[in-house]
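If you read the protein sequences in the order shown, they are chains A and B.
Take the first sequence: its position 87, counting from 1, is numbered 74 in our numbering, and each next residue is one higher.
Add 461 to the 1-based position in the second sequence for our numbering, that's all there is to it.
Do not take every clue at face value.
Simulated crosslink set (DSS-like; lysine-lysine; CA at most 25 Å straight-line) [to be verified]: (1) 134(A) with 1109(B); (2) 533(B) with 726(B); (3) 1108(B) with 134(A); (4) 877(B) with 840(B); (5) 763(B) with 633(B); (6) 575(B) with -9(A); (7) 1237(B) with 894(B); (8) 894(B) with 877(B); (9) 877(B) with 1109(B).
In short, the hints are calculated from the structure, not lab data.
One-letter residues, chain by chain:
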Amino acid sequence: MTDKTNITLNINGRNHAISVESRRTLADAIREECGQTGTHIGCEHGVCGACTVLVSGEPVRSCLMFAQQAAGKEIRTVEGLARGDEMHPMQRTFMENHGLQCGFCTPGFLMLAVGVLEKEPDISDHDLVDVLSSNLCRCTGYQNIIKAVRAAAIEMRQS
Amino acid sequence: MTAHTKGSGTTWVGRSLRRVEDPALVTGQGRFTADLPAVHWVRFVRSSVAAGTIGSITAPDGAGIVTAADLKSLKPIRPMLSKFNYVAVGQPILADGVVRFTGEAIAAVYARGKDEAEDIAELIEVEIAETSPLIDAIDALADGAPLVHAEATGNVIVEGRIVTPGFDEVWKTAHTIIRVDGRSRRQNATPMEARAGHAAFDASTGRVTLTCTTQMPHLTRTAVCDIIGMPESDLRVVAPDVGGGFGQKMSLAPEYVLLVWLARKLRSSVAWTEDRRENLIASFHSRDQHVELEGAFDKGGKLLALRGDIVANVGAYSCFPTTSGVEPLMALAELPGPYDVRAYHCRSRGVLTHTCPMAPYRGVSRPVITFVLERLMDKAAAFFAIEPTELRRRNLIDTFPYTSATGLVFDDGSYKATMEMAIAAIDLRSFRKQQQTARENGRYLGIGFATFSERTGYGTPAFAARGMAISPGFETVHLSIDPSGFVEARIGSSPHGQGLRTSLAQIIADEIGIDPEFIKVVHGDTDRSPYGWGTFASRSLVLSGGASLIAAQKIRAKLVKMAGHMLEAAPEDITLQAGSAHVIGTDRSITIATLVRAAYHQVHIFNGEIEPGMTETGTYDPSGTFSNACHVALVEVDIDTGRVEMKKFLVAEDAGLIINPMIADGQVHGGVAQGIGNALLEEIIYDETGNILSSTLADFLPPTSREIPEIELHHIETLTGNSITKAKGLGEGGAIGAPAAVISAINDALSPFGVSIDEMPATPQRIRAALRSSGKLPSHGRFA
Chain A
-12 MTDKTNITLN INGRNHAISV ESRRTLADAI REECGQTGTH IGCEHGVCGA
38 CTVLVSGEPV RSCLMFAQQA AGKEIRTVEG LARGDEMHPM QRTFMENHGL
88 QCGFCTPGFL MLAVGVLEKE PDISDHDLVD VLSSNLCRCT GYQNIIKAVR
138 AAAIEMRQS
Chain B
462 MTAHTKGSGT TWVGRSLRRV EDPALVTGQG RFTADLPAVH WVRFVRSSVA
512 AGTIGSITAP DGAGIVTAAD LKSLKPIRPM LSKFNYVAVG QPILADGVVR
562 FTGEAIAAVY ARGKDEAEDI AELIEVEIAE TSPLIDAIDA LADGAPLVHA
612 EATGNVIVEG RIVTPGFDEV WKTAHTIIRV DGRSRRQNAT PMEARAGHAA
662 FDASTGRVTL TCTTQMPHLT RTAVCDIIGM PESDLRVVAP DVGGGFGQKM
712 SLAPEYVLLV WLARKLRSSV AWTEDRRENL IASFHSRDQH VELEGAFDKG
762 GKLLALRGDI VANVGAYSCF PTTSGVEPLM ALAELPGPYD VRAYHCRSRG
812 VLTHTCPMAP YRGVSRPVIT FVLERLMDKA AAFFAIEPTE LRRRNLIDTF
862 PYTSATGLVF DDGSYKATME MAIAAIDLRS FRKQQQTARE NGRYLGIGFA
912 TFSERTGYGT PAFAARGMAI SPGFETVHLS IDPSGFVEAR IGSSPHGQGL
962 RTSLAQIIAD EIGIDPEFIK VVHGDTDRSP YGWGTFASRS LVLSGGASLI
1012 AAQKIRAKLV KMAGHMLEAA PEDITLQAGS AHVIGTDRSI TIATLVRAAY
1062 HQVHIFNGEI EPGMTETGTY DPSGTFSNAC HVALVEVDID TGRVEMKKFL
1112 VAEDAGLIIN PMIADGQVHG GVAQGIGNAL LEEIIYDETG NILSSTLADF
1162 LPPTSREIPE IELHHIETLT GNSITKAKGL GEGGAIGAPA AVISAINDAL
1212 SPFGVSIDEM PATPQRIRAA LRSSGKLPSH GRFA
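Turn these sequences into a full structure, and let the hints guide you.
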């Protein structure tokens, strides 16, 4: 399994020319070949959602996608959420509402929530909880994650 | 002495200050162990069987592989207790001739890439002559059962007994005896970050830096150095950002020893990142217990005597440093809970089996014993035909200090008050009406109460009472203000999500009159922090908070003395506020930064009355303090499917003075969610051959946002004399009370069927089995 293919991953607007085996997952490629370690790996079998990134605007579990499948597509990770020193509303509301404790699942939740709200800014509270149930958090009991995402949703609608 | 004036005029303690930890974590700048690059990657080859003897290990030519044969110079992991008939057993770093659980590491493969190491590991052939494994503790106790370790007769590794004088006489006076056979299935703490380690050899100094996902950096250093036989000064242990621990990361991982050994051998850097399957089958498990409990009540519903027999399945080895006594002995000491009962008779055993070793998990035994004890109270209430809360009202302790039948001293608490608060907040009376109406419509609602204590912040005496060769307890803080005027607190605790950097800064800020934004708390690095025990057992806020306060009081005294000298005022007329020392009632002041600069650079002006510099040490080693709470669960059970819907959860909780309400609430939320998961969903399932059937997160089921209902919190703050900050610990309480409340609610919902669910998790299968066996399912029930 050493045959490698040259691909370009566009992460947060920046091109990374890398060489990967076909089996390389997008999560591993983002972290290791591209050095963007903000995306975390929690299970590698598509259940926990810690590795969620946006590919062409869609939240995907990057442990279940091959790097080659994302070649040439627009990939967004947690490192790309803030604009310089100005945080994304979702990052801010997570801090304001104590939506994180250990912070390991946080990048996945941030990307999931941003991806969903960009597409469905008027999503109902009930549906929001449903969507958030696709990721796991072991610290917060979800109470403050839900509060944070709802607060961000209001801000994102207004802006 | 003047009245104690808090720092900046307003107190920082008590505010929901935003966490200093967060900006890095929400921007992807957190640094977790698996983020580090390494030259060599390690993959462990693990046993596919639960018990057997290793024949040959065959590796491809040129493969980098380590087996037990290479590690003859290493000592085994051999934690020790001096009491309770503890039998010391050793765990080799890699299985040495014998395998004792599925997932035990047999070999370590290393290669230049992670994938390459995995590829090679797949090619390693291990011949194992399989033997019949012991999976359930009851089977391991049977006469003639094979021995997991030859040293441990009958597979009992630890056995504690308490019998209070005159027990039998009290027992005979009982009006009724109520009995519960409780069973808690095996669980895994499941932090979202699995374990990882990275060991880097520095050729210039000969030192190794081990970065790993530990809750106990100093103990990890001591243990690794003892096992390898190297000076502790040659090993630096770093716990960087750690993605949750819940106890699973406090016990020594044999894998870390291997990494340090290998880094020294290769004179390079080596790394291992556990995958989720490894975490679920081979990290540490917990809560696999049988609890037989009987209560003797008088005719008024007062508990007179308690008799218990506890069997904890501790797996194949004893965890370091707590030993596998941690669950059975915690259960032995704390089984009576917050109830006033003077006669107690209990035996508690830790039993070895061919399963993954047990280690502490948030709550340690108390989630189990609380659930069983609360079942007993509920059953007694049913016998006396009174509300379960009324039975608790007749039995909860309410004079303090209260010394329990097992010798524990309960400091001031609010056991009854939190329960009354919860009853009012949930409106029990109107719930009963709703429940009745719902039942008439074929819907089964239930309410469950759990009243419990949470022993927190205990120092060395409590651990020494267990006879631990290593008795954790004290915490030390080195507090300094450097010439720039910035404050640094170096602590021995090792938080990993608890927000302790923020809470400690609040405590220090109030004492020294410097705002928290100028106070940095440093932890998780044995080169920078004083020897300490880490973060576990709901201890860090109490112990490191107390040590921070003691150190800050010393800094304060020095600053006041210096300010008195420089402002020509009596020290008792000086107050420290918002970064300056002020002479009370005047406009004279001097900045603390100026004072501190003088302590380093103008020390001659103090005529020898001031020691140079601005560093103080605080150490705190208290006896401990009990938090308490009442949890309430509201559920609806679907009798056709056995599904339990959590409708609401309510907590009335008392953890003393709350330092940061936002953080405190977050701790309770998280604990409750884990407790709900424990009660309903999470189970490590072994088949009879010792193979684990729940080795993915699609099988072992931590709850999602859909399973956790709204959690309503209420607080009482009882100020205890047992904690100098007045704060009690609260990290575990959520997980301790929630399973009991949920299971109680399920039983309440199903009371028309006369069933008793005394097992957790209460899965749909178990609920349906109980309902079917009741013979009372409605005949129209399609699935009956």
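Hint by hint, here is what the structure shows:
1. 134(A) with 1109(B): Given pair residue 134(A), residue 1109(B) holds - Cα atoms ~16 Å apart, limit 25 Å.
2. 533(B) with 726(B): At roughly 14 Å apart (the allowed maximum being 25 Å), residue 726(B) and residue 533(B) satisfy the hint.
3. 1108(B) with 134(A): Judged against 25 Å, a Cα distance of about 18 Å means the pair holds.
4. 877(B) with 840(B): Status holds; Cα separation ~20 Å.
5. 763(B) with 633(B): Satisfied, since the Cα-Cα distance of roughly 14 Å is no more than 25 Å.
6. 575(B) with -9(A): 15 Å, holds
7. 1237(B) with 894(B): With a Cα-Cα distance of about 23 Å, the restraint between residue 1237(B) and residue 894(B) holds, given a limit of 25 Å.
8. 894(B) with 877(B): 24 Å, holds
9. 877(B) with 1109(B): 22 Å, holds
In this structure, none of the earlier numbered hints is contradicted; all agree with it.
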